[in-house]
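Q: Keeping their order, the protein sequence lines are chains C and W. Per the UniProt record's numbering, the first sequence runs over residues 1 to 795. Per the UniProt record's numbering, the second sequence runs over residues 1 to 795.
What the hints contain is simulated information worked out from the structure, not anything from laboratory work. Watch out, some of these pointers could steer you wrong.
A pair holds if it fits inside one copy or across any two, identical chains being indistinguishable in the list.
Unchecked claim - Straight-line distance between alpha carbons at most 20 Å, and here's what the computed EDC-like set of lysine to aspartate or glutamate pairs gives:
| hint | residue 1 | residue 2 |
| --- | --- | --- |
| 1 | K253 | E265 |
| 2 | K299 | D451 |
| 3 | K299 | D247 |
| 4 | K299 | E120 |
As the structure is a prediction and not an experimental result, all values here were calculated from the model.
Protein chains: 2
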Amino acid sequence: MEDTKVCLEKQPLSQEMLEKMNAYWRAANYLSAGQLYLLDNPLLKEPLTMDHIKKKIVGHWGTVPGQNFIYTHCNRAIKRYDLDMILLSGPGHGGNFQIANTYMEGSYSEVYPNISQDEEGMKKMFKQFSFPCGVPSHCAPETPGSINEGGELGYSIAHAFGAVFDNPDLIATVVVGDGEAETGPLATSWQSNKFLNPMTDGAVLPILHLNGYKISNPTIFSRISHEEIESFFKGCGWKPYFVEGDDPMTMHKLMAETMDTVIEEIKAIQKNARENNNPERPVWPMIVLRTPKGWTGPKVVDGQQIEGSFRAHQVPLTMESPEHLDLLKEWLGSYHAEELFDENGRLIPELEELTPKGDARLGANPHANGGKLLKDLRLPDFRTYGIEVEPGKTKAQDMIELGGYIRDIFKLNKENKNFRIFGPDESMSNRLYKVFEEENRDWNADLLDTDDCLARDGRIMDSMLSEHMCEGWLEGYLLTGRHGFFASYEAFIRIVDSMAAQHAKWLKVCNQLSWRQPIASLNFILTSNVWQQDHNGFTHQDPGFLDHIANKKADVVRMYLPPDANCLLSCFDHCIKSKNYVNAIVASKHPSCQWLSMEQAVKHCTQGIGIWEWASNDCGEEPDIVMASCGDTPTLEVMAAVTILRDAMPELKVRVVNVVDLFKMQSDHKHPHGLSDAEYDAIFTKDKPVIFAFHGYPTLIHELTFERNNHNMSVHGYLEEGTITTPFDMRVQNQIDRFNLVKDAVMHLPQLGNKGSFLIQQMNDKLVAHKQYIAEYGQDLEEVRDWEWHTPEDK
Amino acid sequence: MEDTKVCLEKQPLSQEMLEKMNAYWRAANYLSAGQLYLLDNPLLKEPLTMDHIKKKIVGHWGTVPGQNFIYTHCNRAIKRYDLDMILLSGPGHGGNFQIANTYMEGSYSEVYPNISQDEEGMKKMFKQFSFPCGVPSHCAPETPGSINEGGELGYSIAHAFGAVFDNPDLIATVVVGDGEAETGPLATSWQSNKFLNPMTDGAVLPILHLNGYKISNPTIFSRISHEEIESFFKGCGWKPYFVEGDDPMTMHKLMAETMDTVIEEIKAIQKNARENNNPERPVWPMIVLRTPKGWTGPKVVDGQQIEGSFRAHQVPLTMESPEHLDLLKEWLGSYHAEELFDENGRLIPELEELTPKGDARLGANPHANGGKLLKDLRLPDFRTYGIEVEPGKTKAQDMIELGGYIRDIFKLNKENKNFRIFGPDESMSNRLYKVFEEENRDWNADLLDTDDCLARDGRIMDSMLSEHMCEGWLEGYLLTGRHGFFASYEAFIRIVDSMAAQHAKWLKVCNQLSWRQPIASLNFILTSNVWQQDHNGFTHQDPGFLDHIANKKADVVRMYLPPDANCLLSCFDHCIKSKNYVNAIVASKHPSCQWLSMEQAVKHCTQGIGIWEWASNDCGEEPDIVMASCGDTPTLEVMAAVTILRDAMPELKVRVVNVVDLFKMQSDHKHPHGLSDAEYDAIFTKDKPVIFAFHGYPTLIHELTFERNNHNMSVHGYLEEGTITTPFDMRVQNQIDRFNLVKDAVMHLPQLGNKGSFLIQQMNDKLVAHKQYIAEYGQDLEEVRDWEWHTPEDK
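With the hints as constraints, model all of the structure from the sequences given.
A: Shown next as structure tokens:
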């Protein structure tokens, strides 16, 4: 860190230093309150009138003074110990605190030159906050130094752990709100210390901020005994230090001493681990900080207690009664801004001195703008992992093949340490077997000799059964400039619907901020999917994550459904190189038919959609019918249906279409990947029947193609039917099987007449035979199990 | 409990009793393993051959013996203390355990007479398990005694608490898997004891089952120190008892003694509370049970350790090698079924004696088939809560009005104690003010004098900031035969997407089970919605829960978007009376325009969709354009757009349509509420332009109407735009505001020629003026803020 004076010997904190810190804190509180209220007169040079006040007062105050207090003390610790630190704000609704502090240290004005460190800039900063066309009231992408959005609560600790993995010198200090602490994701994230290696990872310093209240209720942690709090954290493997009180000067001393203690403890843990090559799990320190909600704000308003109560949560003064103006004057006046800022509105030099400098500032730490640190992955040529394919005869397990490629990504990036993979105890089940040839799972709880592929420094993060942690850790890892993906059972990715949506929103905003450097995409591989469950069933069937993603901003989201292993390799390679997207790949893990050579796969995936001419017999003419598919199982069934149709009536002109990049279906004016109407019509025709077999809910195809010309489309997909059953019966129950597809095709071709009726009857017979066979033997008919693609010439 | 011998004095457990219990456990283990493997020869009367074995072995074994052990000990405790107990299985993947036990006690055959308690029935029971057309391998709706689906993990404790609220004599024993314990929802659910009243609620007895492994990893709780486990649970307010070992007879003695201790402790806590009128939070007992995974199963298979390792998770023997048959013989033989079942396959009388009788059996307890206990709510006449309306002039806050009705539901059902409401610290924010006139929030952590509306016996469950707990508690409450709803910020209901989907799946299956009695619907009120955020912003905008619900089975899901307070009252009344649905109501909380008198509202909501003739001027003829809306904000903007259109060109025939019941848009062959094509065309016409303003993502209307004739429809909705801004600007940014609607209408009416172009220009000018005004003043233009509906005659 440049320009930072280091003072490594512990010194008693002088009264002068504490008083300066208190002044700094007052300045932060002043600027935070100013953001809530002031439209003008930022330094109160004139007597305050209603003309200086915003018309609508919206924002949060309750959590702000406590967070300003923490920021002030982080600054001191950074300077004293020359720390590389980022700060995550769990109770992020009080985003004005982080704006105030980054403004004071100068990092805010660096990214927003218009908000200068003078009276004019302060006025603009005040006005823009929680104001139309301004900045959100939360810690948000717009807030420098933040990698944790303060809208939806619960992910701060997971993000912090993600940030410090493979960043041995980084400390992620996390303010955890006592409301946030009640959420499920936060509650389990305390256990993340079982996945931290003190030799090779950095440290997380949680500060549980007990300000006692949520929006309108007390918090659980503030209303249980000291012994219970202490036991809880010890049980989670932390050593809690308590800093409690409401007298500012007493609290500054206590907090500063405690910060010194915990930082020195962290450094001692790391020193011991690194010098003695000892990666065992230590007991990491943390802080429990109890301060009044709305500390230093109005005590009583309209006869009701504000400071120290839930009523301090949002704005203590609504400004709807005339007395509020007096109370505001008194409140803002209590900070004595005139002592803290000079004539021009700049923080006085004695206080500026307290801030770290350069990249050491919390608002300027490059880890919190991870794109700055992003190094491209070294990637092998994915083509070399391709398999030889005899179309529709070769069988392979797509996820196993992908595993070989990922194994070698681990190999090539061993030194850079910037790639991890994430999953909730499912990497084996999802058939990523080959990655275990090169890499272990991360585990820092007790180890036994009999353990399999567990190691203190493993980079496969799949030993915790929590989708929330996988997602949160990965987001933190990506946001700090690294790479990875989350492989999940398709149905249970819905557990993190909301987290994924929030990350997509984060990226959408980042795309509008020139100073936020692009980060690696958030990649999902959805496997163990709806179409084959084996010992699971109805609960494990939900292909709706795609519908969820489809609703997010088009410039952020992408969806790929490769029909086979070579296509999966091509899609994954594309996604893992990409930036600032949320990519969802649906992949097959069971042995399944392969269709395309690597060369064909690359071409097909690059186009994203294509006519499979080798499987069609329309010979470039207008077909009688289009048989289209998207996803591996639908592709298999469409191909099987096509063989039935062609064997029965070789004269029928069938066009076979396959979709890999789902957004190709949408109009080009809605999604950058969308086909133009002309391109779409060239593939699907303007009016010929299209039988479309889709991996997910049929409605997703309906919504994507609503504005297309050709509505003569019958979509087959998952209909919420089937539970424990055979793979083929799942398809039958949802009418996406070959027999039902053929029936539907014939029904769309009235010109077939009796020939068509006869074929429908044949299909019905097949369906009856199927049902009888599985009820008896629990297996699919041999003709289905052993089915292979053939062209008429093959026969 | 009928036929149950009560023995309330503690007696030393005799060796004979323990041996009988062990034999009972062996029988359960035998039946559980049999379900995994045997297609025939259920009693092993013949030498076992591959012909007797299922072709595909699918299911879970690892967790089963431990859960059989618990079931056996619950049976003893129920008999000894005459308990009213249900059992929830968190690690529900091992559903065969619950089938085995309910079969032995007879409750299984009562609901499935075909699975009789004899050799033939046993054979069928074995075959059906995890078999096509059979029953799922999880604890599922099909499993008698279960109210917790074992597919998606993490909700067992929340369900248990929901079950015991207002059931003072019920004990809900919950097996918590050590894998499940790592999920977020489970981790925070330990805190639910802060919401339990020992006087008026029952007890939850958690048994954390440390079997050490998940699918392929160890578990965190099994790999931390005894002290850490103990501290953790003490910190969560529980008193943990440890039962650890692997020698069956030693373990039976220890477990039986521990069960006696904890049951007596629960009874003592309840006695003290009830006799001394002391509702203070006690420290409730719980059990930590450590047994080997796959206990009593094969020790080593193919050279690899099975019992006591993660390899016991699914099936220990895949039967793919010939030695497996010998190992299976040895394994099944080790239980000595011939000593446990008679010639005819019935459990011998000495063992049958160990099961509770009648409704005391865990598989027959009526709380686990809650519809049996369901009493209708006493409801006031919602019409009396209606407000007087001057259309488009009256303003009201819909949620405030609804609060009055709900307040009186509390009043009318005080004695029945079968109604609670749920929300994550949002009831006040969601404007349910009036309910606090009658009812308090539930809180059993420390109380302060300054606390507001908190009480030990409150029925408003909104003091924990966890959507997961609200949802899980409510589900448990409903599943045991009571009533309630979950009011949530619209965006954050996405946190429980997956829970809601799982409940919808549960109900879908229940609809197919004649013995499962209907339960009250799961009702969601989504408010604080996307269109007005004030101090929040982009993170708080997500109307996609509707899209999520729309994909679930049509016979289970319903969606209502009342445009005003009277319609909200009508919809809510309908939903709270309904059974076996998942109802989502989108409601407005801000002051907003009112449209319909109560009489009109009832009619409109009953029809679900309607032409507002009073606002239309097509006079029963074919209109030039249809202006349609769904949701309160879209309705306002459509009505405003209609006034602009009519003022500008009175000759234009505009039809105004409003949709309350969203599924009316879908075809009647897809959803029971759907309109027929003829009905739909009568409203929307076959080809006239339809400008549709929708509350949520436009794509939902696209997918619902894909198969309709009239595709000349332009849908406006949320486009992932806007953050902190004014309410009207949110609409402008997403082009659902009156000016953009008028522009779009004109663009669909080329016949308007220059007159249309002129109107478009006017609208563009309005949009520019709007932008300038909010940037300056942070408020909407007065003409927007003060807008009122008028008919041409009014003007």
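Q: Each hint: holds or not?
A: Hints and how they fare:
{"no.": "1", "hint": "K253 <-> E265", "result": "within (18 Å within a copy, 46 Å between copies)"}
{"no.": "2", "hint": "K299 <-> D451", "result": "between (58 Å within a copy, 16 Å between copies)"}
{"no.": "3", "hint": "K299 <-> D247", "result": "within (14 Å within a copy, 63 Å between copies)"}
{"no.": "4", "hint": "K299 <-> E120", "result": "neither (31 Å within a copy, 76 Å between copies)"}
Hint 4 from the list above is the single one not met by this structure.
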